[in-house]
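The listed protein sequences derive, respectively, from chains A and B. In this text, residue positions in the first sequence follow my numbering: the first is 1, and each later residue adds one. In this text, residue positions in the second sequence follow my numbering: the first is 1, and each later residue adds one.
For the record, the hints were derived by calculation from the structure and aren't laboratory data. Each hint should be verified, as a subset may be incorrect.
On the chain A side, residues computed to face chain B include the following (Cβ under 8 Å) [claimed, not checked]:
1) Val384
2) Glu437
3) Ser489
4) Tyr490
5) Glu502
6) Pro503
7) Met504
8) Val505
Every beta carbon over 12 Å from chain B, so not counted as near; a handful from chain A, in silico [said to hold, decoys possible]:
9) Asn154
10) Glu182
11) Glu192
These numbers were taken from a predicted model, which means no experiment stands behind them. Glycine residues also receive a C-beta, built at the ideal position from the N, C-alpha and C atoms.
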Amino acid sequence: MRRHYQLYILVSMLVVLGVGAAAYKHFVLGFTFTPTNKEAVWQVQAEIKFEAEEGPIKVSMILPSSDDSRKKILSDNIAADYQSKVIEKDGVKKIIWTKQQASGEQHLYLRGDFYFQQRADLQPPKELSSDGENLTEMQLKAAQDIVQNTQLSNDSEYDIAMHIIARMNEENDESSIRLLLENIQFRREHMEQVAKVLKIAKIESRVIRGLRLQDGLTQRSISTFIEIYVEKQWHLIDSRDMTEIPTNEVILWPVNTRGLLDVYGGKNSSIHFSVLKQQKNISRLAVDSAKQSDSAFVNFSIYSLPTKDQNTFKSLLLIPLGALVVVILRNLVGLRTSGTFMPILIAMTFIQTSLILGLSLFLVVVSIGLVMRSYLSHLNLLLVPRIASVLVFVIIIFATIGIASHKFGWDSGLHITFFPMIIMSWTIERMSVLWEEEGPHEVLVQGGGSLFTASIAYLVMINPFIGHLTYNFPELLLVLLAIIILIGSYSGFRLVELARFEPMVRVDQQNKQ
Amino acid sequence: MFRLTTPSELKKAGIVGMNKRNAFYIAHNNPRKNYPRVDDKLLTKKITEEIGIAAPAMIGVARTQYHVKQLKQFLSDVEKFVIKPSKGSGGKGILVVVGRDGDDFVKPSGAIINIKELQHHVSNTLSGLFSLGGKPDVAMIEELVEFSDVFDGFSFEGVPDVRVIQYHGYPIMAMTRLSTRESDGKANLHQGAVGLGIDIATGKTLKAVQHGQPITHHPDTGRDLSELNIPFWHTLLCLASSCHEVSGLGYLGADIVLDKNKGPLLLELNARPGLAIQIANGVGLETRLKLIEKERNEQHTAEERVNYSMQAFG
Numbered sequence: 001m002r003r004h005y006q007l008y009i010l011v012s013m014l015v016v017l018g019v020g021a022a023a024y025k026h027f028v029l030g031f032t033f034t035p036t037n038k039e040a041v042w043q044v045q046a047e048i049k050f051e052a053e054e055g056p057i058k059v060s061m062i063l064p065s066s067d068d069s070r071k072k073i074l075s076d077n078i079a080a081d082y083q084s085k086v087i088e089k090d091g092v093k094k095i096i097w098t099k100q101q102a103s104g105e106q107h108l109y110l111r112g113d114f115y116f117q118q119r120a121d122l123q124p125p126k127e128l129s130s131d132g133e134n135l136t137e138m139q140l141k142a143a144q145d146i147v148q149n150t151q152l153s154n155d156s157e158y159d160i161a162m163h164i165i166a167r168m169n170e171e172n173d174e175s176s177i178r179l180l181l182e183n184i185q186f187r188r189e190h191m192e193q194v195a196k197v198l199k200i201a202k203i204e205s206r207v208i209r210g211l212r213l214q215d216g217l218t219q220r221s222i223s224t225f226i227e228i229y230v231e232k233q234w235h236l237i238d239s240r241d242m243t244e245i246p247t248n249e250v251i252l253w254p255v256n257t258r259g260l261l262d263v264y265g266g267k268n269s270s271i272h273f274s275v276l277k278q279q280k281n282i283s284r285l286a287v288d289s290a291k292q293s294d295s296a297f298v299n300f301s302i303y304s305l306p307t308k309d310q311n312t313f314k315s316l317l318l319i320p321l322g323a324l325v326v327v328i329l330r331n332l333v334g335l336r337t338s339g340t341f342m343p344i345l346i347a348m349t350f351i352q353t354s355l356i357l358g359l360s361l362f363l364v365v366v367s368i369g370l371v372m373r374s375y376l377s378h379l380n381l382l383l384v385p386r387i388a389s390v391l392v393f394v395i396i397i398f399a400t401i402g403i404a405s406h407k408f409g410w411d412s413g414l415h416i417t418f419f420p421m422i423i424m425s426w427t428i429e430r431m432s433v434l435w436e437e438e439g440p441h442e443v444l445v446q447g448g449g450s451l452f453t454a455s456i457a458y459l460v461m462i463n464p465f466i467g468h469l470t471y472n473f474p475e476l477l478l479v480l481l482a483i484i485i486l487i488g489s490y491s492g493f494r495l496v497e498l499a500r501f502e503p504m505v506r507v508d509q510q511n512k513q
Numbered sequence: 001m002f003r004l005t006t007p008s009e010l011k012k013a014g015i016v017g018m019n020k021r022n023a024f025y026i027a028h029n030n031p032r033k034n035y036p037r038v039d040d041k042l043l044t045k046k047i048t049e050e051i052g053i054a055a056p057a058m059i060g061v062a063r064t065q066y067h068v069k070q071l072k073q074f075l076s077d078v079e080k081f082v083i084k085p086s087k088g089s090g091g092k093g094i095l096v097v098v099g100r101d102g103d104d105f106v107k108p109s110g111a112i113i114n115i116k117e118l119q120h121h122v123s124n125t126l127s128g129l130f131s132l133g134g135k136p137d138v139a140m141i142e143e144l145v146e147f148s149d150v151f152d153g154f155s156f157e158g159v160p161d162v163r164v165i166q167y168h169g170y171p172i173m174a175m176t177r178l179s180t181r182e183s184d185g186k187a188n189l190h191q192g193a194v195g196l197g198i199d200i201a202t203g204k205t206l207k208a209v210q211h212g213q214p215i216t217h218h219p220d221t222g223r224d225l226s227e228l229n230i231p232f233w234h235t236l237l238c239l240a241s242s243c244h245e246v247s248g249l250g251y252l253g254a255d256i257v258l259d260k261n262k263g264p265l266l267l268e269l270n271a272r273p274g275l276a277i278q279i280a281n282g283v284g285l286e287t288r289l290k291l292i293e294k295e296r297n298e299q300h301t302a303e304e305r306v307n308y309s310m311q312a313f314g
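Chain B extracted, bound-state conformation (with noise of 0.2 Å):
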């Protein structure tokens, strides 16, 4: 059951360990000025919002415990929205609220939650419950998205966005994660969520693996996973690849969700993405970093590099 390779079958594979990323592509690639860039929402969402990238609108700002007595009659209009830390991690803290019953809140679980329950969520949020270090943190309330229906029925709670991998500003890799029964609708592959590699010359699915093994069908929804193509590739993957000037990080990852109405929507960005996209892929991350390291001055927009990259990695 647990089974184990030895380190020079991975190196054979391109396979990018933890060490790796940490010690060489992040150490060399992100200097950590440029860190709050994207660990602090608040700042990414400035700084994209400057130069056009698109993103859910937002809504508003708790920074102090004044904010959040305020919160029932600013909120009183507003019907879907999402909460989240500014500086959380790992999808930590974030509220996601898609309806009113009354005065009460429904979370996407049909749970309901009360005005006192969504304050002390708040609350927690600005004394650094989820935040790195637990330092203080402000909550940011933003614009729930109307998500796309191209991911009906491949997932089990909650809609998927998708995960671009940048290296200087070159997609090499992309997956979005789909939550399942087992993995309580949250999208961590270790906890049972499916990995769906997706192609970057195409936006459809190369491969979908669930505990590391390959799967064809969604084990809730039945759904053949190999359907999914997701819409507007060319473009979202130039919003991820335009992230690249802005956040100052050569090795960098992109969440972005799709809105019905507006397209690819910039959701985070992340300095220190995970390396699960390997598993979900399939393919090993080394020999696309190695090709890009070669090649990462010959093309300059983002619209050049993502054109590169959707004929280099397809």
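In isolation and in its complexed conformation, chain A is listed as follows (with noise of 0.2 Å):
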């Protein structure tokens, strides 16, 4: 009894180990489960240019914010010579690049891949515009009048604050805006003109620097866009063509900073960006995003390493999946196989060929090779020459096949090359020595269990969404491991038996009668 308990101690660790790392990815770090789309990624690059003035140089550039719902999975910078790093501050992050001595026409280039996930709830407003304050006393009356009409005419707060916003543009020629706007230069300072606006119709509202995404853009500089806050929401709004900008096609910069980019030691400076979009597999997006915030669980898994090397581990990943199907069809239905695990690897060949093509392909093989086996017996060799001579009648039938196939145009035939020859022979040899000594029939019965083994498991292992689970919660496998354990300890009857037993319960129950 105790050592039940151990197994079953030993099982649920391993269930719990197994699901909760998988728990941890899928709700903390974005795996999913299902295989899903793909997901479009930005490719956002910043390209500065100024002329160095042959003396110490200091560039210092604002970021972009990144947080939950915008996430950085990338950023990469291509400047030569030049030193860069990275310092937060008030939660702002600068990006500042140094050099000792540069002349000439400077170009510092800076690239991040952004993508969007799909919770994106902002947050309500931490910081919240100025009060009215420096209007002067006729520019407060004539924003008074604005909210008054602008009320009058709209119901939700939502069509006021819009209405605000349309129609303090530059263009109208309404005294009471063009009072407002007096002395205005910049965009920057006309969006705080409006936001002055509408907090005295009690919206509450902020201005925001940003960079719209679309595919193709280039030499693009940055914009400055309002956010207000209404129905508990933020709204974008880009006032030059009155759009709410979507969250997902927008970056922004921290709020409350000026001035995107500091040179020093340099003059005639311009930033530009220019931007891409791209569509990336959404688990590849929560390993990179997760590797950018260092996560143990993703820099000490599989996906550290080389994408070459994850590829021959995802076909790896999928040889359990193959065991269990062995283990399930064996222990618990009864099935007879010539050779315990010799059906995953023909399973694993089948996902090079296909199913269909690789049974045939089999089934010639292995009958050409009895027929080759059958006369050597009349050799008397010994076991290693005559399974040495069965391993080069494989390579002559595949090459055969091979060559055969090409000449007819039918180049599937090829696919031949990927069932493992050595177990091919050795298949050959067990069912020819088989076939001897128990008859064709046990021959049937042990190769079409393998067969139809070496089926079931293909079709579990080229299953996406099992694929997908495998490769991206390779955890799972501790699951694997312990239903493969459960059923080790399994000691009920197998299906099988419940023919083969069944005359004698039936003569019972007639005994009975």
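Reassemble the complex: the two chains are provided individually, in unrelated frames, and hints are given to aid placement.
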């Protein structure tokens, strides 16, 4: 009994560990359980240009905000001979490039990949815009007029806000508007005036700078937007075309920052952005974003390997699934197979060749092999040389099928090379001995069992959902292990035994009647 | 045709399934370190000989390919013999020679093989063709048993052995397998051999089944199967039971043949005896195993255990 306790404790520990790690990756790191479609990733590149003035140079640039809803998954800067570092102060991140000596035109590049998670819930305002204090008395009066007019003709806060913003554009010749926009040069100041008027209408708002993302944008500067808080939500408004910008089509810089770029030791500086839209796999994105945040879960997993080796592991991780299928079919169903794990290898081959083709090639090779092997039995060879001869036969069969199918323009025959030759040779040898000793029936039973098991294992392994799970949640292997251990301790009947011992029960019942 | 029953029905009938046998009876009672004592027949022979268990006499052992070359000379005086792999399983690789035809050898089926074929067979055995996991093996050459005539007419070809399953040295069930034309002279039940359950108390036929169905007469010879009465039954059971201590295995199958002159002889031991014996007897093993589980420390000598079993399972 104690052994059983131990077993159940072990099994539950494995399940808790596996499921726990998977849940953490799903809920915290954003891995998805289902293979989802691709997600848009915005590749934003900033190009900074200036003329150096023969002396030490220090360039600093404020970096856009990145939070849970807007994730930066990669950043990379290209600046020849510059030293760069990122500093963070009051929640604002800056990148600083320095160089002792430079002359002529300088180019610095900064690249970032952004993507937006679906659940983008923006926080309610923390810093609110200033009161209408800085307005002159006449301006205040004009502002109140505008607000009153607007409130008369509109019901919802949103409409009122939109109306005020629209009315306060540069082209409006209304005297009250002219008065409010007196001496305004920059868009930023313009937006701040709008914010003041909104405040009088009891609408919270803030001025924010950002870059609207459109595929193929080049040579774009950043714009100033106004963000209004109505109906418990932030709405980002571009006042030039009076549109509301969806949160996943813009990157924003921290509120209350001025001067995006500072260049010491240079002149005529400019910054331009270009934007490219890419489609990337969402789980890949979760990995990249976790890497940026230094999650130990990802840094010590197979994701830290080079992509090529990851692909090798991808197929390795499928083998336990094949093993599970073998365990179920042998111990719960009671199928007989030739060679315990041979079906897994065959299933791996089917992945390369597809099922029907793989099955037919297997049958062809094994049948031809059996015929050739039966000739060998007359020669009375020793065991190892005999298997070696079968191996040579197998390669000849491979080559013949490959060449013949190629000549007939049927290139799928070339897939034959994916079959493991040594395993095929042993299979032929075993089947042949089985044939001589137990008869063709047993060969059919075991061969059929092997192929059936291989087919089921193949169907499980190629399932995209299962493939996604094993690759993205390798910790689920622990759960798989728990299941295999549980089956290992199963002492009930196998499915075939229900048929095998059925006559005994039937006789029993007849006797009673 | 393909009829299924339910697990609860089987449980009620006390039938032991493969998983239960492996995970419970074998894993708990058969320490792995003692397996070689039965898997390696040469070792079995040695340890059973030491305590005087009757078995077919050994003629020789071929251990190397060099020995294979010497076979012709070595066997020149021996007319009948059996060659078997020491670590074979499921009766694989056993070659029986019942007589000579000049320089050639006559198999029980009447087929004739020459010395080359015989050497090839031995050579294969040494390479591990018949052994578990393909490991290199040795070939044992044993005296051919002078079979007693009790089985005459009961089997299509060859002479059956008696399989006794014992638990902690208590014989709990016995059967014999009769080959048929359908089973091609082989004693495998799933190939169509007849399974004959034998009463532990008397050594008489309890029940006969072929393909799981009860039968009364042998399908090829027509002999009434209920007439079989195995002689020296008590001696035979004692022989089986005495293998318990020396093998160190709690769940053990002993295959015993009857020699015309020497009586019961131990052919081989099996640490994983099959479950077909339940079908041949029409009884599940579970109840008997449970009973012995309680009783196992009460009797001490093989004879005491056999007496207990003969009484309990009559």
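List, from low to high, the hint numbers that the structure doesn't satisfy.
-> The structure conflicts with no hint, since it agrees with every one listed earlier.
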